[in-house]
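J.: Residues per chain are reported as follows:
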Amino acid sequence: MDVQIWTYILVGVTFAIYIGIAIWAKAATTSDFYIAGAHVSPLTNGMATAADWMSAASFLSMAGLISFMGYDGSVYLMGWTGGYVLLALLLAPYLRKFGKFTIPDFIGDRYYSNFARTIAVICAVIVSFTYVAGQMRGVGLVFSKFLEVNIDIGVLIGMAIVFFYAVLGGMKGITYTQVAQYCVLIFAFMVPAFFISFQLTGNPIPQLGFGSTLSDGSGQYLLEKLDELHTELGFAAYTSGTKSMQDVFFITAALMIGTAGLPHVIVRFFTVPKVRDARISVGYALIFIAILYTTAPAIAAFAKYNMMETVNEEEYTEMPAWFGTWEETGLLTWVDKNDDGIITYAPGEAISGLPDIQRNAEGEIVRGAFGEVKVNNTLAEGPNELYVDRDIMVLANPEIANLPAWVAGLVAAGGLAAALSTAAGLLLVISTAVSHDLIKKQIKTDISDKAELLWARIAAAGAVLVAGYFGINPPGFVAEVVAIAFGLAAASFFPAIILGIFYKKMNRQGAIAGMIAGLLFTLAYVIFFKIAFPEYNSPEYWWFGISPEGIGTLGMLLNLAVSYAVGMIFPEPPKEVQQLVESIRYPQ
Amino acid sequence: MSERDLKGYWKKNLSYLGILLSIWFVVSYGFGILLAPVLNEIQMAGFKLGFWFAQQGSIYTFVILIFVYVYLMNNLDKEFNVREDD
Chain Y
12 MDVQIWTYIL
22 VGVTFAIYIG
32 IAIWAKAATT
42 SDFYIAGAHV
52 SPLTNGMATA
62 ADWMSAASFL
72 SMAGLISFMG
82 YDGSVYLMGW
92 TGGYVLLALL
102 LAPYLRKFGK
112 FTIPDFIGDR
122 YYSNFARTIA
132 VICAVIVSFT
142 YVAGQMRGVG
152 LVFSKFLEVN
162 IDIGVLIGMA
172 IVFFYAVLGG
182 MKGITYTQVA
192 QYCVLIFAFM
202 VPAFFISFQL
212 TGNPIPQLGF
222 GSTLSDGSGQ
232 YLLEKLDELH
242 TELGFAAYTS
252 GTKSMQDVFF
262 ITAALMIGTA
272 GLPHVIVRFF
282 TVPKVRDARI
292 SVGYALIFIA
302 ILYTTAPAIA
312 AFAKYNMMET
322 VNEEEYTEMP
332 AWFGTWEETG
342 LLTWVDKNDD
352 GIITYAPGEA
362 ISGLPDIQRN
372 AEGEIVRGAF
382 GEVKVNNTLA
392 EGPNELYVDR
402 DIMVLANPEI
412 ANLPAWVAGL
422 VAAGGLAAAL
432 STAAGLLLVI
442 STAVSHDLIK
452 KQIKTDISDK
462 AELLWARIAA
472 AGAVLVAGYF
482 GINPPGFVAE
492 VVAIAFGLAA
502 ASFFPAIILG
512 IFYKKMNRQG
522 AIAGMIAGLL
532 FTLAYVIFFK
542 IAFPEYNSPE
552 YWWFGISPEG
562 IGTLGMLLNL
572 AVSYAVGMIF
582 PEPPKEVQQL
592 VESIRYPQ
Chain A
57 MSERDLKGYW
67 KKNLSYLGIL
77 LSIWFVVSYG
87 FGILLAPVLN
97 EIQMAGFKLG
107 FWFAQQGSIY
117 TFVILIFVYV
127 YLMNNLDKEF
137 NVREDD
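Line by line, the protein sequences are chains Y and A. According to the numbering used here, the first sequence is numbered sequentially starting from 12. According to the numbering used here, the second sequence is numbered sequentially starting from 57.
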């Protein structure tokens, strides 16, 4: 059977499972809808959290990014796992003891202010929408690459599935589908990794193969060979990278703190019955996440080695079949700058912008002298002739390594599982922010549980539609604004929650001033460099050499400083708030 | 339960946090970033050590730290009699 049939089968089966779970786990009350009735076991919650957290980007793009960044890619590996230590030690157990439904709930109650609650709602909604647009786009991409379905139709199919289980089941439906989605995505990620690790190094465990010698008889270590290939071609060595040390430091910190401040992750720890369940549940979540996150850098190195060995200084006509297949998708392009028919891979761009495939009047692809797919782009300066999209490293891995067709189908199902599980978690945050934090807590406080549940469903449905709209019409700067999501979470929620738990005397004036300062500072910095003046986005203009990706760390420090300074001027919080803080510190 | 007991519990909790977060910081930001160029002089199997900490070792350490914390806190809950009923 070919890849497409396998993909239809595997995607069909997994979708049927998700729908089956949705029907089985229907939410009956708002507590079911918001926090799955707080009946989820720690292990189940850990697995669901892992799926919630690992998005289309983690599954499809991260290994590819690391492949091209080498050591610098460590910012994602440490940044997106280290935050769980902060979650376990500083947030999860106390928020579980607090025991309400949402983050704005905590901010609103702890800082005895609906204004603070509203700021938290706004942050939660901005952060979640930024993130969810990318997920829906990811769903569309997988459909178009593997099933040759139009990308917009792919987004619509994804919306229909998420709509079904998020609107029906709320957190309860989402939790159990996420467990299924975790199993699918981790299986899909690991199978090609085992194969490739074994092929290249003779050791099937990718974490070990990563540090082993190549099985080509040279006896050379994989990473040593990779460094050698890189320096020969004029790249920085794979294991040392090019970013400045302070930038690596600040980006890692922003991602870690941002992770610990992301509302869709935090809220998962409201779903377990006890404080000690919340603690261990973070541990389980990180184990499940670490399986993928320690494999990804290995895949990155294997894929980079395979690619460099296959293409560099080889004749185009000698390329394996997958090269042609991926050229036709626009993810891989070769432009023969010196007309020698040989592929030159070197630092710098090959073409300007993304490949734009040339087609004749009949819509057929135009080919060059050696049969390569021609593109309309202007050629970039410099010797490099090869454009490789980062995502190809995971998508094309099974073909590059000559794996059976079902493995490629599995990768498609895994990518969809990763995107859908994250999208659902984010949509839930948006819907609870509207139905609970705005309607129940502020607009109509006497609303019945049934009516609130209905509003939660309406809000979830509305959020799916908006997310779908952004998936089909992505704002041009989607990739850029992901930095905003982490920066905002780091600069707004994280300090407010930490101070709320660990500093009893922090009052509402301090917290509000801090959140606003952190938020505006971070937003302004990111918008300035990423959207308004991208031409200035380089280290010589950055403050202290910190890129917009890392600025959330500074925003967080600013938030803490402003909170403290403003907090000193105003009176202590009321007695009952101080008692609340006292009570969340002890499990019983 | 007397006020003194809870203060003791919280103080101990904070000291655990201090120790565990110091390790968290030293392993990731220390070994993985600030000291990486120095540690890269040391070779461990096919890895340069600083690179290994940045892409593998720090993640393993994070997992271990959380489970150590869970173990310590579960004991502390019992010791100070603040453990939730089953």
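Source of the hints: derived by calculation from the structure; they are not laboratory data. Glycine included, every Cβ here is placed at the ideal spot set by N, Cα and C. Hints should not be assumed to be uniformly reliable.
What the hints assert, rightly or not - What follows is a set of in silico ranges between Cβ atoms, one per label pair, in the way DEER data are often shown:
(1) A:Ile98 - Y:Gly473: 50 to 60 Å
(2) A:Asp61 - Y:Gly23: 52 to 62 Å
(3) A:Tyr127 - Y:Glu159: 47 to 57 Å
(4) Y:Thr321 - A:Phe81: 55 to 65 Å
(5) A:Glu140 - Y:Phe539: 40 to 50 Å
(6) A:Lys68 - Y:Glu583: 44 to 54 Å
(7) Y:Gly228 - A:Lys68: 54 to 64 Å
(8) Y:Phe581 - A:Gly74: 42 to 52 Å
(9) A:Ile98 - Y:Ile216: 21 to 31 Å
(10) A:Trp66 - Y:Glu159: 37 to 47 Å
(11) Y:Phe513 - A:Glu140: 31 to 41 Å
(12) Y:Asp457 - A:Leu62: 53 to 63 Å
(13) Y:Gln210 - A:Asn137: 51 to 61 Å
Unchecked claim - Each computed DSS-like pair below joins lysine-lysine, with the alpha-carbon atoms no more than 27 Å apart:
(14) A:Lys63 - Y:Lys111
(15) A:Lys134 - Y:Lys461
(16) Y:Lys541 - A:Lys63
(17) A:Lys63 - Y:Lys515
(18) A:Lys67 - Y:Lys236
(19) A:Lys67 - Y:Lys516
(20) A:Lys67 - Y:Lys108
(21) A:Lys134 - Y:Lys385
(22) Y:Lys108 - A:Lys68
(23) A:Lys67 - Y:Lys541
(24) Y:Lys461 - Y:Lys111
(25) A:Lys67 - Y:Lys515
(26) A:Lys63 - Y:Lys108
(27) Y:Lys461 - A:Lys63
(28) A:Lys63 - Y:Lys516
(29) Y:Lys541 - A:Lys134
(30) Y:Lys108 - Y:Lys515
J.: Hints first: check each against the structure and report whether it holds.
T.: Hint-by-hint comparison with the structure:
Hint check: Ile98 (chain A) to Gly473 (chain Y), Cβ distance near 56 Å, so the stated range 50 to 60 Å holds. A hinted range of 52 to 62 Å for the beta carbons of Asp61 (chain A) and Gly23 (chain Y) is consistent with their spacing of about 58 Å. Checking the proposed 47 to 57 Å range against Tyr127 (chain A) and Glu159 (chain Y) shows it holds: the Cβ atoms sit about 52 Å from each other. Our hint of 55 to 65 Å for Thr321 (chain Y) and Phe81 (chain A) is violated, since their Cβ atoms are close to 41 Å apart.
Checking the proposed 40 to 50 Å range against Glu140 (chain A) and Phe539 (chain Y) shows it holds: the Cβ atoms sit about 48 Å from each other. About 26 Å separates the C-beta atoms of Lys68 (chain A) and Glu583 (chain Y), a value inconsistent with the hinted range of 44 to 54 Å. A C-beta distance of roughly 57 Å is found between Gly228 (chain Y) and Lys68 (chain A), which places it inside the suggested range of 54 to 64 Å. Look at Phe581 (chain Y) against Gly74 (chain A): about 29 Å separates their beta carbons, and that is not inside 42 to 52 Å.
The hinted range of 21 to 31 Å is satisfied by Ile98 (chain A) and Ile216 (chain Y), whose Cβ atoms lie roughly 23 Å apart. Evaluation of the 37 to 47 Å hint for Trp66 (chain A) and Glu159 (chain Y) yields a failure: the beta carbon distance comes to about 60 Å. For Phe513 (chain Y) paired with Glu140 (chain A), a C-beta distance near 21 Å fails the hint of 31 to 41 Å. Against the hinted window of 53 to 63 Å, the Cβ-Cβ separation of Asp457 (chain Y) and Leu62 (chain A) comes to about 36 Å, which falls outside the hint.
Checked against the hint of 51 to 61 Å, the pair Gln210 (chain Y) and Asn137 (chain A) passes, with Cβ atoms roughly 57 Å apart. For the proposed pair Lys63 (chain A) and Lys111 (chain Y), the alpha carbon gap of about 25 Å is at most 27 Å, so the pair holds. The hinted pair formed by Lys134 (chain A) and Lys461 (chain Y) fails the criterion: a straight-line CA distance of about 40 Å is larger than 27 Å. Restraint check for Lys541 (chain Y) and Lys63 (chain A): not satisfied, since their Cα atoms lie roughly 48 Å apart, outside the 27 Å limit.
Restraint check: the Cα-Cα separation between Lys63 (chain A) and Lys515 (chain Y) comes to about 13 Å, which is no more than 27 Å; the hinted pair holds. With a C-alpha separation of about 51 Å, the suggested pair Lys67 (chain A) and Lys236 (chain Y) falls outside the 27 Å cut-off, and the hint is violated. As the CA atoms of Lys67 (chain A) and Lys516 (chain Y) are separated by approximately 17 Å, the hinted pair is consistent with the 27 Å bound. Annotation: proposed proximity of Lys67 (chain A) to Lys108 (chain Y) holds, straight-line Cα distance about 18 Å (limit 27 Å).
Using a Cα cut-off of 27 Å, the hinted pair Lys134 (chain A) and Lys385 (chain Y) is violated, with the two alpha carbons roughly 70 Å apart. A C-alpha spacing of about 19 Å is found between Lys108 (chain Y) and Lys68 (chain A), which places the hinted pair at or below 27 Å, so the restraint holds. Taken as a hint, the Lys67 (chain A) and Lys541 (chain Y) pair is broken in the structure, with Cα atoms around 44 Å apart against an allowance of 27 Å. Under the criterion of a C-alpha separation no larger than 27 Å, the hint pairing Lys461 (chain Y) with Lys111 (chain Y) is consistent with the structure, at around 18 Å.
Among the hinted pairs, Lys67 (chain A) with Lys515 (chain Y) is consistent with the structure: their alpha-carbon atoms are about 14 Å apart, no more than 27 Å. Between the alpha carbons of Lys63 (chain A) and Lys108 (chain Y) the distance comes to roughly 18 Å, so the proposed pair stays at or under 27 Å and holds. Simply put, Lys461 (chain Y) and Lys63 (chain A) have alpha-carbon atoms about 42 Å apart, too far for the 27 Å limit, and the pair is violated. Annotation: proposed proximity of Lys63 (chain A) to Lys516 (chain Y) holds, straight-line Cα distance about 16 Å (limit 27 Å).
Distance restraint check for Lys541 (chain Y) and Lys134 (chain A): the Cα-Cα separation of roughly 51 Å exceeds the 27 Å cut-off, and the hinted pair is therefore not satisfied. For the suggested pair Lys108 (chain Y) and Lys515 (chain Y), the alpha carbons sit about 16 Å apart, so the restraint of at most 27 Å is met.
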